[in-house]
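So you can see what is in the structure, the chains are spelled out below.
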Amino acid sequence: KAGVTQTPRYLIKTRGQQVTLSCSPISGHRSVSWYQQTPGQGLQFLFEYFSETQRNKGNFPGRFSGRQFSNSRSEMNVSTLELGDSALYLCASSLGRGLAVSAHTDTQYFGPGTRLTVL
Amino acid sequence: GDSVTQMEGPVTLSEEAFLTINCTYTATGYPSLFWYVQYPGEGLQLLLKATKADDKGSNKGFEATYRKETTSFHLEKGSVQVSDSAVYFCALSAGAGNMLTFGGGTRLMVKP
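Going line by line, the protein sequences match chains A and B.
Per our numbering, the very first residue in the first sequence carries number 1; after that it's consecutive.
Per our numbering, the very first residue in the second sequence carries number 1; after that it's consecutive.
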């Protein structure tokens, strides 16, 4: 099976712009999660989508948003970019379970990430 | 809230040395525990996992045991190789849905 793919791999934007990142999960996986990785804050959870619905959300401002399509592909959008948004954005997919209370046992498989630089 | 604490690095070892990276956690309920590894310029790869107390996860010579009494999930390997040089992350998932809480990461450098 193909792994998790993310596009683009690298992106350079300027402050105030907006950006959309894309993630294609492993075939058959229904849950997609997004994480931000920075040297200062480490790895932080952004949000999780399951069956086109946001199931969990991290502590990020409303400028960060996402969605999931019927084929489980997901996009995240960051509006009004700030310098501090420069980071590696990682997408992860997992099988996804109908009962959310069981989902914590699922393994998340990560993509290679999108490196966003905000100038 | 949930949290993971792991030893700060870098950890520098000679090839064939024994490795331990400590990880402790705080969580409500019964979390699942994971170790991920990140090589330069790449995403995270699952190394091993354990989903209940006393479970032992193992892969590629690495092992970790879920210790509920000490809320720990220490990573060990009997004999490290230069190719094991990477950053290692301890993580937990608890509650409803998929949401990983990560430790700060430990950089391992193995010298020939």
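For the record, the hints were derived by calculation from the structure and aren't laboratory data.
Among the hints, erroneous ones may be present.
Stated by the list, open to error - Taking lysine-lysine pairs in the DSSO-like style, the calculated list, with each CA pair at most 27 Å apart, reads: (1) B:Lys68 to B:Lys56; (2) B:Lys52 to B:Lys68; (3) A:Lys1 to B:Lys60; (4) B:Lys52 to A:Lys57; (5) B:Lys60 to B:Lys111; (6) A:Lys13 to A:Lys57.
What the hints assert, rightly or not - What follows is a list of derived Cβ distance ranges for each label pair: (7) A:Gly28 to B:Tyr30: 23 to 29 Å; (8) A:Asn77 to B:Gly9: 32 to 38 Å; (9) B:Thr5 to A:Asn77: 30 to 36 Å; (10) A:Thr20 to B:Thr20: 41 to 47 Å; (11) B:Glu69 to A:Thr80: 46 to 52 Å.
We treat Cβ as the ideally placed atom computed from N, Cα and C, and that holds for glycine.
Query raised in the report: Would the pair Lys52 (chain B) and Lys68 (chain B) pass a check requiring their Cα atoms to be no farther apart than 27 Å?
Result: holds (9 Å)
**Message:** For Lys68 (chain B) and Lys56 (chain B), compute the direct alpha-carbon distance and say whether it is at most 27 Å.
**Reply:** Holds, at about 12 Å.
- Task: For the pair supplied as a hint, Lys60 (chain B) and Lys111 (chain B), confirm whether the alpha-carbon distance does not exceed 27 Å.
- Result: holds (19 Å)
- Task: Mind checking the alpha carbons of Lys1 (chain A) and Lys60 (chain B) for me, to see if they're no more than 27 Å apart?
- Result: holds (21 Å)
* Asked: In this structure, is the beta-carbon distance linking Asn77 (chain A) and Gly9 (chain B) contained in 32 to 38 Å?
  -> Given a distance of about 34 Å, which is inside 32 to 38 Å, the answer is holds.
Notebook entry, point to check: Is the straight-line distance between the alpha-carbon of Lys52 (chain B) and that of Lys57 (chain A) 27 Å or less?
Noted result: Between Lys52 (chain B) and Lys57 (chain A) the Cα gap is close to 25 Å, so the pair holds against 27 Å.
Exercise for the section: Go ahead and decide if the range 30 to 36 Å is satisfied by the Cβ distance of Thr5 (chain B) to Asn77 (chain A). Expected result: Taking Cβ atoms as reference, Thr5 (chain B) and Asn77 (chain A) lie about 33 Å apart, which means the hint holds.
- request: Given the range 46 to 52 Å, decide if the beta-carbon distance of Glu69 (chain B) to Thr80 (chain A) lies inside it.
  value: The hint (46 to 52 Å, Cβ to Cβ) holds, given that Glu69 (chain B) and Thr80 (chain A) are roughly 48 Å apart.
Query - Range hint 41 to 47 Å (beta carbons of Thr20 (chain A) and Thr20 (chain B)) holds or violated - result: holds (42 Å)
query: If you check the beta carbons of Gly28 (chain A) and Tyr30 (chain B), does the distance land in 23 to 29 Å?
result: holds (27 Å)
### Query
When you check the alpha-carbon spacing of Lys13 (chain A) and Lys57 (chain A), does it fall within 27 Å?
holds (25 Å)
Going down the numbered hints, you'll see the structure goes against none, and every one checks out.
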